[in-house]
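What follows is each chain in one-letter form.
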Amino acid sequence: MILVPVTYRGGIYRHSEIMDLIEDIGGYIVQKHVIAQEVVLLCFMPQDDIEILRRMAKPLGGEVTDSPLVGTEIAIVIPSLEIHHLPHPACDIAEYVRRLGAKSNMVGLARGVGKRIAALNDEERDVINEHDIAVYVLGNFEKCIEHKMPILRRGIDVPIVLCGAPTKEALQRIVDPPVDGYVGNVGRFMHRTKESDELAKLDEIISEITRVLEKKRVEIAKDPLSVAPARLMDLINENVPKIHEVTSPTPLTVQMSGLRVKLPYDVFAGEIRKIEIEDNITIGNVAQVNPSRMRDYILLKILPFSETNVVV
Amino acid sequence: MQAVEYFEVECPEPLGAEYYKQITNDVLLDHNLIRAIHKLHIYVDPGVPIFVAVGVLKKISSMVRVQDFAAVNPLEGKIMLVLANETYLAPMLKIFWTQFGQEHVEQADRFTVILRGVAIGAKEVEDIVVADPSESIYKDMIYAFKCIAPEGFRIRRERYFKDKFFFVSSEDTLADDVDALVKSKFEMMGETMP
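Order-wise, the sequence lines are chains A and B. With our numbering, the residue at position 15 of the first sequence is 15, and numbering never jumps. So the mapping is simple: our numbering equals the position in the second sequence, first residue as 1, plus 312.
Rather than coming from a laboratory, the hints here were simulated on the basis of the structure. Since the model is a prediction, treat every value here as computed from it, not as a measurement. Just so it is clear, CB atoms sit at the ideal spot from N, CA and C, and this is done for glycine as well. Heads up, a few of these hints could be off.
As the list claims (entries may be wrong) - Below, a list of computed lysine to aspartate or glutamate pairs in the EDC-like style, where the Cα atoms sit at most 16 Å apart:
#, chain 1, residue 1, chain 2, residue 2
1, B, LYS451, B, ASP475
2, A, LYS194, B, ASP488
3, B, LYS458, A, GLU82
4, A, LYS32, A, ASP234
5, A, LYS143, B, GLU447
6, A, LYS216, A, ASP180
7, A, LYS242, A, GLU271
8, B, LYS495, B, GLU322
9, A, LYS143, B, GLU463
10, A, LYS143, A, ASP126
11, B, LYS390, B, GLU415
12, B, LYS370, B, GLU447
Claimed, not checked - Per the computed footprint, the stretches of chain A lying under chain B, defined by three or more beta-carbons under 8 Å from a beta-carbon of chain B, are:
#, stretch
13, 24-31
14, 102-115
15, 156-169
16, 179-193
17, 242-249
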């Protein structure tokens, strides 16, 4: 069964019927937002059954759209959390990817500023590597990007999309070895992105992220995961009641090949490992339950079929 | 930056210069400093690396008086001030307390101040000088240029003369000949360095 990320947008009236339908046909709801009279459901649906959802949504005035960013966690990496980069452009990009269903985290480097003095420490490197993709939002000068990019990408093994003020061609020329994606003409600026050409640039960032993630999905599909991350999310929701007491907006953050559980590792890691998925197969059998470098959270890395010989 | 007579950004990378022009414009607008600038020349070279801003300020002659932000209404035995905004409320109260004594100054709410039994008339109250914006302009200007300059350029040198200023920053130690560079940038604007 191939699960496809989609977004349902509709009124609050009878939305529980939509939720029941998604769950009944084997889909998973990753996030639910209730905004005034509107409900937004970010979910994974079996590919063949999306038409059923569309038919059900029509009389309720609901809309089902494809959302390739649902179920991904994206790191927006900026040289610092100073006024030079915040709220524009870093927050604008982070908010834009969030609108399309991704979970974005801002990673402001402690010493990412300048040219010669720019550096990346081990904690930052590990935090970035816990994401599905890293979007580097750098500055306005080719010379700076050329000099600092090799330092800021050292040890990063997730795909990188590089944004900077030079043109896309210039970025491709100065970054060696190449990164996975480039978006030119998005450097440091200090005003809100509201003009149509600026919004088009945000769209370009999204399409570049989508393209890179699609490539990663194809790679994962070659050696499929032993269990779908969304299924683990459902299991933890059912078996660990403490997760419902977490005040974070996404207590369980679904990634492309893992899951971030926002509970303390020392207390809950053992309990999570022992949760049975089916036929005596536990989470510990199909996933690595590791401590995250982000606070004291737990990070689940789902093992591929080639390592476990099971797909549940 | 229509109000500025001369505004140029010089940089070996033309696209970088264009972006820095936009950043300078945005920051100075946000900080309400555009109207205070007469001429401005910025030089950025990421190769050195160095950031230089030299400028000439306009004469700021207007003092902020009570009448600029409050309506003064003379009533029987008292004068009531209705404030349009509270930016200058604190310095105004301080002046009133010193001049009339705290027992004569009553603050009914955030936007209303009542003066009771004071010896001067409403016209004189309107003319009381509350603030001099030229006092803080140097501090504001330096803060704005700290935002404009590339981040990480933390070695700084700044000077403020009567109506001219310069701001130099880099991530390395500043070279000895930086004054000559600043001088040449003033000359490009048709001005001399004081």
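Hint by hint, here is what the structure shows:
1. B:LYS451 to B:ASP475: Since the Cα atoms of LYS451 of chain B and ASP475 of chain B sit roughly 14 Å apart, the hinted pair holds (cutoff 16 Å).
2. A:LYS194 to B:ASP488: violated (44 Å)
3. B:LYS458 to A:GLU82: holds (11 Å)
4. A:LYS32 to A:ASP234: holds (14 Å)
5. A:LYS143 to B:GLU447: violated (39 Å)
6. A:LYS216 to A:ASP180: holds (10 Å)
7. A:LYS242 to A:GLU271: holds (11 Å)
8. B:LYS495 to B:GLU322: holds (15 Å)
9. A:LYS143 to B:GLU463: Distance of about 15 Å is within 16 Å: holds.
10. A:LYS143 to A:ASP126: violated (27 Å)
11. B:LYS390 to B:GLU415: The given pair, whose Cα atoms are some 13 Å apart, holds under the 16 Å limit.
12. B:LYS370 to B:GLU447: holds (14 Å)
13. 24-31: violated (count 0)
14. 102-115: holds (count 3)
15. 156-169: n = 3 at 8 Å, threshold three: holds.
16. 179-193: That given contact holds, which follows from 5 residues of the stretch 179-193 of chain A lying within Cβ reach (below 8 Å) of chain B.
17. 242-249: violated (count 0)
Of the numbered hints listed earlier, those contradicted by the structure are 2, 5, 10, 13 and 17.
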